[in-house]
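One letter stands for each residue in the lines below.
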Amino acid sequence: MKAKEVPQEISMLEGHQRACYALGEDGRYTVVPSTGWEVEKIVNAVAVDEIRATIESARQRALRGEASALEFHMLRCHMTPAMLAANAGICKWRVRRHLRPDIFAGLRAAILARYADALRMNPEELKQVPGTAL
Amino acid sequence: MIEDFPHRHAAHCESGTMATLLRTRGWDLSEPMVFGIGGGLFFIHIPFLKVGGLPLTAYRDAPRIILKNLAKRLGVPMRYERFRNTADGVRRLDELLDAGIPVGLQGNIYWLSYFPADMRFQYNGHNFVCYGRRDDHYLLSDPVFETVVTCSADDLARARFARGGPFPPKGLIYYPDALPRLPDLEQPVRMAVRDTCRRMLDVPIPLLGVRGIRYLARRVGKWPSRIGEKHARANLANIIRMQEEIGTGGAGFRFLYAAFLQEAAGILGKDSLQDLSGQLTAIGDRWREFAVLGAQVCRGRENIEPAYGKLAEIMNDCAAREQHLFTALRSMV
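So the protein sequences, as listed, match chains A and B.
Read the first sequence against this note's numbering and you will find it ends at 134, with the numbers running on by one and no gaps.
Read the second sequence against this note's numbering and you will find it ends at 333, with the numbers running on by one and no gaps.
Fair warning: there could be bad hints in the mix.
Claimed, not checked - Only part of the chain B face toward chain A is listed, based on derived beta-carbon distances under 10 Å: (1) Asp88; (2) Pro116; (3) Glu263.
Claimed, not checked - Each computed SDA-like pair below joins lysine to any residue, with the alpha-carbon atoms no more than 20 Å apart: (4) A/Lys92 x B/Gly52; (5) A/Lys2 x B/Val292; (6) A/Lys41 x B/Lys170; (7) A/Lys2 x A/Val46; (8) B/Lys170 x A/Ile51; (9) A/Lys2 x B/Asp177; (10) A/Lys41 x B/Arg301; (11) B/Lys230 x A/Ile51; (12) A/Lys92 x A/Ala110; (13) B/Lys222 x B/Ile304; (14) B/Lys230 x A/Thr54; (15) A/Lys92 x B/Gly53; (16) A/Lys41 x B/Phe161; (17) A/Lys92 x B/Phe161; (18) A/Lys2 x A/Thr35; (19) A/Lys4 x B/Gly53; (20) B/Lys170 x B/Ala62; (21) B/Lys170 x A/Arg120.
Read the hints as simulated data drawn from the structure, not as lab findings.
Note that the Cβ used here is the ideal one computed from N, Cα and C, for glycine as well.
Based on the provided sequences and hints, a complete structural model is requested.
Following this line, the structure appears as structure tokens:
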């Protein structure tokens with residue numbers, strides 16, 4: 001790739017630039033900052049959209065009472081039950097159980113506080129699910 | 001604390017961080033040189049190891065391999081410190097910073113809010129330099145950013161002590177101890193190149209090196225019929241992200257390694273390496289064609305079955321050319 005061929009397109013970099021290695025006029029490699037590449041944006045969107053759809057589905061199920069707010073917030077932070085378990089210091093099978101809406105509703109404040117801290121929010125927020133999509 | 005920190009924009013977090021740390025101690029090595037001597041280039045595809053639900057694919061070696069190889073080959077006395085709890089890790093970091101020692105840190109990108117929103121994934125393996133603190137903020141030289149950045153104490157602590165997922169950082173702090181004089185690079189470069197050739201060509205596991213590329217090519221061709229269009233697209237997008245999005249300098253580190261070969265040609269006094277650098281650039285361009293076609297497939301602009309066949313074909317071509325390149329390279333060093 002030549003320096004002048006380095007894509008300078010609008011992407012998910014939000015105005016930041018990433019360093020690309022490309023050949024300068026003299027045939028030597030040099031760092032060329034790039035504002036992004038359409039290709040990166042497309043493949044990034046595949047991953048981001050997938051995560052967004054999962055979060056949105058959990059939000060709607062939570063509003064219908066079929067999932068807990070904990071599941072929604074866990075997914076919002078891109079976490080799996082195993083990651084949440086590790087970060088909250090609660091074992092995996094208990095986390096899985098706590099994700100059920102009926103069990104989540106009866107959780108003690110101390111347990112709620114640990115989940116809230118792992119997800120960087122306060123325990124009151126943890127019980128809520130936003131009424132509109134993120 | 002160092003005012004006017006000598007930040008330099010880099011393609012890859014690990015080689016960029018190491019190059020910066022060495023530069024603050026008086027060793028001026030370019031990022032490609034650190035990447036090359038660190039033996040960063042590789043290819044790996046492990047279908048049964050899932051990261052974020054998708055098979056692991058990487059155009060590079062495992063995290064921290066560059067640090068380890070570079071330290072070994074150049075005789076850098078590295079210090080690594082990990083912590084059981086957050087408070088100890090924060091205290092130790094502050095202690096080193098207050099003593100004026102810039103350090104390398106490992107962290108989870110999700111918690112680093114200076115990253116663009118759509119790039120914040122739960123990924124534990126990000127590396128960056130921390131060189132000071134001011135009020136409730138830390139001063140970072142994150143090599144994949146154009147300039148230095150700042151980060152709140154809470155962000156940084158969460159990133160450093162994120163748990164769960166592969167490669168948990170456990171608060172890792174690393175820095176070179178008193179550096180000796182920069183050694184002659186000829187032997188280390190030779191050793192590194194030989195090792196990379198060996199890994200690309202000789203590892204008797206079909207998932208690694210050039211064989212790994214061929215293995216993945218075979219699978220890619222069958223994806224639409226085997227796992228369905230939607231899943232095929234998710235897998236394909238993931239490969240291209242590993243190649244372009246995550247900070248490879250373009251074409252899955254191939255351009256970065258071509259830059260290394262160009263510098264190596266000077267160090268070893270072999271013009272023939274310059275030709276091989278040119279060949280690797282052409283291979284990188286071929287990988288970029290793969291990314292362009294793959295992105296069109298992801299957008300639904302291509303006929304699915306023939307497109308995946310074409311993608312497999314490009315990959316096989318890359319594999320053949322890389323095999324040829326590394327065979328020639330080995331005979332020259």
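For each hint, the structure was consulted:
no.	hint	result
1	Asp88	violated, 17 Å
2	Pro116	holds, 4 Å
3	Glu263	holds, 8 Å
4	A/Lys92 x B/Gly52	holds, 17 Å
5	A/Lys2 x B/Val292	holds, 17 Å
6	A/Lys41 x B/Lys170	violated, 32 Å
7	A/Lys2 x A/Val46	violated, 28 Å
8	B/Lys170 x A/Ile51	violated, 26 Å
9	A/Lys2 x B/Asp177	violated, 39 Å
10	A/Lys41 x B/Arg301	holds, 15 Å
11	B/Lys230 x A/Ile51	holds, 14 Å
12	A/Lys92 x A/Ala110	holds, 17 Å
13	B/Lys222 x B/Ile304	holds, 11 Å
14	B/Lys230 x A/Thr54	holds, 15 Å
15	A/Lys92 x B/Gly53	holds, 18 Å
16	A/Lys41 x B/Phe161	violated, 30 Å
17	A/Lys92 x B/Phe161	holds, 19 Å
18	A/Lys2 x A/Thr35	holds, 16 Å
19	A/Lys4 x B/Gly53	violated, 37 Å
20	B/Lys170 x B/Ala62	holds, 17 Å
21	B/Lys170 x A/Arg120	holds, 19 Å
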